[in-house]
Amino acid sequence: MIRFVKVSMQYPNGAGPALEDVSFHIGRGEFVFLTGHSGAGKSTLLKLMYADERPDQGDVRVSGFAIGSLRPEEVPRLRRRLGVVFQDFRLLEDRTAAENVGFALEVTGHRADVIPTRVARALAQVGLSQKAASFPRELSGGEQQRVAIARALVNDPPVLLADEPTGNLDERATRGVFQLLEDINAAGTVVVMATHDLDLVRAAKKRTLELRDGKLVFDSSDGGAAR
Amino acid sequence: MNLLWREAFLAFRRTRTLSVLSVVTIAFALFVTGLFGLVALNLRSALSGIAERVEVVAFVLHGTPSQALTVAAQDIAAFPEVQEVKYVSEEEALERAKRDLAEFSDAYKDLEVNPLPPSFEIRLKPEFRDATHAGLVAERMRSFDFVEDVRYGKDWVQRLDALRNLAGLVGLAIGLAFALVSMVIIGVTIRMTVLQRAREIHIMRLVGATDWFIRGPFLIEGAVKGLLGGLLALILCAVVFLIFRSEQFGTSLGLHFFGVGQVFLLLIFGVLLGFTGSLVSVGRHLKHV
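Same order as they appear, the protein sequences are chains A and B.
Going by the working numbering, the first sequence opens with residue 1, and the numbers climb by one from there.
Going by the working numbering, the second sequence opens with residue 1001, and the numbers climb by one from there.
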């Protein structure tokens, strides 16, 4: 589903490379943690996956799209096959939970009559059917992240990218959101989750990629071998 | 499509002050342009009224044989600039003077000899009603032996030409300047709206909305603002026009307002201004979000 081959990337005003010679492969149905300290390159790696950044060198492939040579008009097609969630939820404050989820369908040109059903299904999937009419400010952090996840899932993407999704949540909410991501993964969606919550990573026993200063230094699927 | 309109109007409502401001500035720009258009329109119709009267009058010596006059009239009618040539006899000239200058009718009664000379009145074709061509025709008329004097109001024909040219140039310059100002204002408004809606645009991109979908509401918003600005400008123009016509200046000037075609033109100009202003700036500003 996702393949990085010798990928390097540097920001125009960055001191050193944001990513250097990174290679890995994520197959169907996998759940992968992306760990490392702040500035190690986790977010950059995810940005390359959803084509917010382009690699300077190497090859990035996501769901059959070659990110390096992706034409601007192809980016929306890629993004409709990905769900992305962030630490800060990124909900629209002036819309209800249901409207936030429906927004993703509306702006991708879905017919108005199919939207309510799919929104209800996505909200049910994240356990928030009761809060459909609530505005983000009326929801807890964990609930807001669930709305964001529902929005990411409503297009039925084969891949879900999560950048520190539990970074703003307390322990209980963190467990809830992580459980939800596991359920989503169990239903067949590839989940890539960047986090620096090492307790969570240790307890979960999932494949882990560790970045340090832009280099991939650990991949648990290699039996812990550094690259 | 429905959604695009809804988003456009939602944006309008959310940035109400800014939207009203931009409609008013577009309206003002179009108002000034429209006002000038109105002046130009009335100037043009007034000028064409005057231009109709651009004619060359050649006074003929008393006692010229009528045969010579008939031949000359045919020659004159064959000049390429000439639309119509009319021979006005001494008697006709006197009749006309009595009619037009009724105040002096007593003076005419006592006349024993008709002092008025016969003349050729030459009307020029519309495209030749200017100083150069009137001068050419006058020059040719002078070459006839029986022609005593030629008048064509050289000075005011020339002034008329200059005025007409100036009106055209000033109109073009002011129109362009204000169109430019409107575009800049629309650009600034869009920049502010884009910044204000940065979060929404970011999310739209994230979930896979196409660039045209993101631009759509801005373009609709721009076009609608242009239309509203155009309507407001028309109302302002109409108000100024009515004030001018009714109060101080009276109706005798015979001022015209825009015709239906010109009203449409102004509105279309407004819509195009709003639309292209949005199109130019939306792409540029979206890059920064």
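No wet-lab data here; the hints were simulated from the structure.
Where a beta carbon is used, it is the ideal one built from N, C-alpha and C, also for glycine.
Be careful, since some hints might not be right.
Chain B stretches covered by chain A per the calculated footprint, using a threshold of three residues with CB under 8 Å from any CB of chain A [said to hold, decoys possible]:
id, stretch
1, 1070-1076
2, 1204-1210
Short derived list, chain B residues pointing at chain A, Cβ under 10 Å [said to hold, decoys possible]:
id, residue
3, N1002
4, E1121
5, F1213
6, I1214
7, V1280
The list that follows gives simulated cross-link-like pairs (lysine-lysine, DSSO-like), each with its CA atoms no further than 30 Å apart [to be verified]:
id, chain 1, residue 1, chain 2, residue 2
8, A, K6, A, K215
9, A, K215, A, K205
10, A, K6, B, K1098
11, A, K6, A, K131
12, B, K1086, A, K47
13, B, K1086, B, K1098
Structure-based check of each hint:
1. With 0 residues carrying a beta carbon less than 8 Å from a beta carbon of chain A, the stretch 1070-1076 of chain B misses the three-residue requirement, and the given coverage is violated.
2. A count of 7 residues in the stretch 1204-1210 of chain B with a Cβ less than 8 Å from any Cβ of chain A is obtained; the coverage claim is therefore met, three being the minimum.
3. Contact between B/N1002 and chain A, as hinted, is supported at the beta carbon level, the nearest pair being about 7 Å apart and thus within 10 Å.
4. Interface hint at B/E1121: violated, since its Cβ lies 71 Å from the closest Cβ of chain A, which is beyond the 10 Å cut-off.
5. A least Cβ separation of about 6 Å between B/F1213 and chain A falls short of the 10 Å threshold, and the interface hint therefore holds.
6. Taking 10 Å as the C-beta contact cut-off toward chain A, the hint placing B/I1214 at the interface holds, the least distance being around 8 Å.
7. The beta carbon of B/V1280 is not positioned within 10 Å of any beta carbon in chain A (closest approach about 18 Å), and the interface hint is therefore violated.
8. Taking the CA atoms of A/K6 and A/K215, the gap is near 10 Å; set against the 30 Å cutoff, the hint holds.
9. At roughly 22 Å between alpha-carbon atoms, A/K215 and A/K205 fall within 30 Å of each other, so this suggested pair holds.
10. Taking the CA atoms of A/K6 and B/K1098, the gap is about 106 Å. The hint is violated against a cut of 30 Å.
11. The straight-line distance between the Cα atoms of A/K6 and A/K131 is roughly 45 Å, outside the 30 Å bound, and the hint therefore fails.
12. Taking the CA atoms of B/K1086 and A/K47, the gap is near 87 Å; set against the 30 Å cutoff, the hint is violated.
13. Taking the CA atoms of B/K1086 and B/K1098, the gap is near 19 Å; set against the 30 Å cutoff, the hint holds.
The structure fails hints 1, 4, 7, 10, 11 and 12 (numbered hints given earlier, in ascending order).
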